[in-house]
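A.B. asks: Let's have the full structure, built from the sequences with the hints guiding it.
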Amino acid sequence: MKFSSRTFGLGLLLVALAAFPLVAPLFGLDFYIGFVRRVLIVALAAASLNFILGFGGMVALGHAGFIGMGAYTVVALSDAGVMSAWILWPMAALVAGVVAALIGTVALRTRGVYFIMTTLAFAQMLYFVVVSLRKYGGDDGYTLMSRPTLLPGLDLGNEATFYWVVLAVVALALWWLHRATQARFGHALMGIRDNETRMRALGYPVFRLQLVGFAIAGAIAGLAGALLAGGNGFVSPATMHWTQSATLVVMVVIGGLGRSWGGPVGAVVWLVLEEVLKQHTEHWHMPLGLLLIAVALWAPRGLAALSTKRRTVAAAAASAATAAGSAKP
Amino acid sequence: MSGILVLEQLLNGIGYGLMLFLLAAGLTLVFGIMDVLNLAHGSLFMAGAYVAAEAHTRTGSFAAAIVVAVLVTVVVALLIEVLLMRRLYKRDHLAQVLATFGVILVADDIVKMIWGPSPIMAPTPAALSGPVELMDGLPYPSYRLVILAGGVLMALALYVLVNHTRIGMRVRAGASDRPMAELMGVRVGRIFNGVFLLGAALAALAGALMGPIVAVQVGMGEAILIPALVVLVIGGIGSVRGAFVAALLVGVVDTIGRAFVPMLLRATLPPATAADLGPLFAEVAMYALMVVVLIFRPSGLFSARS
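Residue numbers (my numbering), protein chains in the order written: chain A, 1 to 329; chain B, 1001 to 1306.
What the hints contain is simulated information worked out from the structure, not anything from laboratory work.
Check before you lean on any hint, since a few could be wrong.
As the list claims (entries may be wrong) - As a list, the in silico EDC-like pairs of lysine to aspartate or glutamate whose alpha-carbon atoms are at most 16 angstroms apart:
1. 1112/B with 282/A
2. 135/A with 1276/B
3. 1090/B with 1136/B
Unchecked claim - Sample of chain B residues lacking proximity to chain A, with all beta carbon distances greater than 12 angstroms (derived):
4. 1058
5. 1078
6. 1120
7. 1153
8. 1168
9. 1264
Computed from a predicted structure; not experimentally measured.
Just so it is clear, CB atoms sit at the ideal spot from N, CA and C, and this is done for glycine as well.
C.D. replies: Shown next, in the form of C-alpha cells:
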C-alpha cells in the first residue's frame, strides 16, 4: 500500500477517535464516549450489510437478526458463566455466521423482492424466538452482570478502556472487510451483482460465493451484536425488530451503496442526526423521513458519492483507470 | 376442543384474511404494474383508521366515518402520488424502499402531532355492539360479521372490476407485461394513478373497519404492512387472485397458530415448555408458511409474470 493522503487522513481519524476518551472529559462530554462507541459498533454493522447489499447486490432486510444472534450468544454464554471475550466474541460471530449460512441457503434461491421478503421473514422468526426465550428475559430483555474479560489487568468495566477495545476491534474488522472487497472474492461478488448470468457462464460458483458473502456479513454483524451487548450491558428483542434492519439498509443507502465508506458514513450521519434532533424536538422522526426522501430523490448514490462528484474529471479518470487496473486478475 | 370453537376461530381468521386482502390488493397491483414497492401503504391504513375514529366520534355515524376516512385518505394518497411516487417509477427498488420508509416516518410524526402519542379509542357502532346467534351455541360479534361482509363484498367488486371490465383488462395487461400493454395503446401511467388511488381507498376502508377491533395507534401501519407484504409474496406479485387466496391462507394459518397450536401444545407438553413455545408458533406460523411456499414456488402461487 502506498502512502497517500487517504492513508494519512485515515490515520488522523484513527488518532482522533483514540484520543476522544482522553479529551472528552476536559469539555464535560463524558456522556458522548458511550455514544461514539455505539456509533462505531453500528458503523461496523452497516459496513457488513454494505458488503452484501452494495458489493453483492443482495438486498437483505433482516440484518438486525444477525446482530441479535450475536448479542444473544453473549447472553447465553454469560448466563452459563463464560466471561472471556476471547470465547464470547468469536462464538457470537460464529453462531451468527452459521445462522446466516443456513438462512442464505434458502433465501438465495429467490430473487428481487422475494429475496427481500425471505430475509425479512427469517429475521422475524429469529425475533420471535428470542421473545419466547423466557430464560433470557423474553420481551423484557436480559441484563448482563458484567462486561467480559479480555486480558488480565485490562478492566473492560472502565468506559475508556472498553471504548479503545471496541475501536480496535471495529477498525480491524473494517480493514478486513475492505480487504475482502479488494480481493478476488470481492470482485467476484461485484461481478455477480452486475451480471449473474455472465459470471455463471464464466464458471464462477455463483450460489456458493453469494452464500459465503452472506455468511461473512452475518458473522460480522454478530460480532457487532456482541460488542453492543457488552457496551450496553443489556440485550432485548428490540435490537432485532425489523425496523432496525430497515434502518441499517437506510444507513447504507444514505452513505453510499458499494462504496468502502458507505456503511460507516451512513451510520454516523443517521445516528448523529437522530441524537441532535432528539435534543431539539419531540418530533424527530419527521426531519429524518424528509432527509430520506431527499436522498432517494436527489442523491441516489449516497452521500459518500457526493465527494466524488466534486473531484476533477482528470482525477476521476485516473481513479477509474486504477480501478480497472486492479480489477484484472 | 369443540366444533363451535373451531368455527368461530375460522371466521375470525377469514375476517382478518379479508382485511389483509384489502391491503394487499392495492399493494400487489401497484407493484405489478409500476414495479413500485410502496412501504407507506400501511400508513394509508393508519390514516383510514385514525380519520374514521375521529369522524365517528364527532358525527356519531359509522357510515359517515367510513366515507370520510376513504375520501381523506384518497386525497392524501393523491398528494403522495403527485409529489413523490411519480418521481420513483424509474428508480430501483432500493430508492423506493428508502423514500417510502421516509414517508412512514413523516406520517407517524404527523399522526402524533394531531392525535398524540397514545392510542385513541375507535368506537364500535352502537347498533353492532351485540352478538348474533349464528346457530345454536355460536354467538358471534355482529361487528365482526360486518367486517366479513364488507371484505367479501369488496373482494367480489374487485374481482368483477379486474376480470370483467375493460378497465380491469388494461390493469391486468399492465401488470403482466407493461411494455407490451403500452405498445397496444394502453396508457399505463394513467391506469396506475387510478390503481394507486383505488389501493389507497381499500387500505383506508380496511383501516376504518379494523379500527374498532385493534388498537388505533402510531405504528399500526407498520405492524400490518409486514403481513400484507407476506400475502403479496405468497400470492405472487401483480396477481389479485393470488392476493385473495394468500390473504385467506395467511389469515387462517395465523389464527390456527394463535388459537389451536398453543392449545395442542398445552395438551401434549409440560406446561412451562408449552407456555414458552405457544406464542412462538403463533407469531411464526405466517412466516413459516411464506418460506415453505417460496421454497417450492420461488415467485409465489399465482405470479402475474410467469
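A.B. asks: Now, for every hint given, state plainly whether the structure supports it.
C.D. replies: How the hints compare with the structure:
1. 1112/B with 282/A: Given that 16 angstroms is the threshold and the Cα spacing comes to 10 angstroms, the pair holds.
2. 135/A with 1276/B: 9 angstroms, holds
3. 1090/B with 1136/B: Measuring from Cα to Cα gives roughly 57 angstroms; hence the hint is violated.
4. 1058: 25 angstroms, holds
5. 1078: Nearest chain A Cβ is 17 angstroms from residue 1078/B, so the label holds.
6. 1120: Correct as stated: the minimum Cβ-Cβ distance to chain A is 18 angstroms, above 12 angstroms.
7. 1153: 29 angstroms, holds
8. 1168: Given a closest Cβ separation of 24 angstroms, the condition holds.
9. 1264: 16 angstroms, holds
Comparing the model with each numbered hint stated earlier shows that hint 3 is the single one that does not hold.
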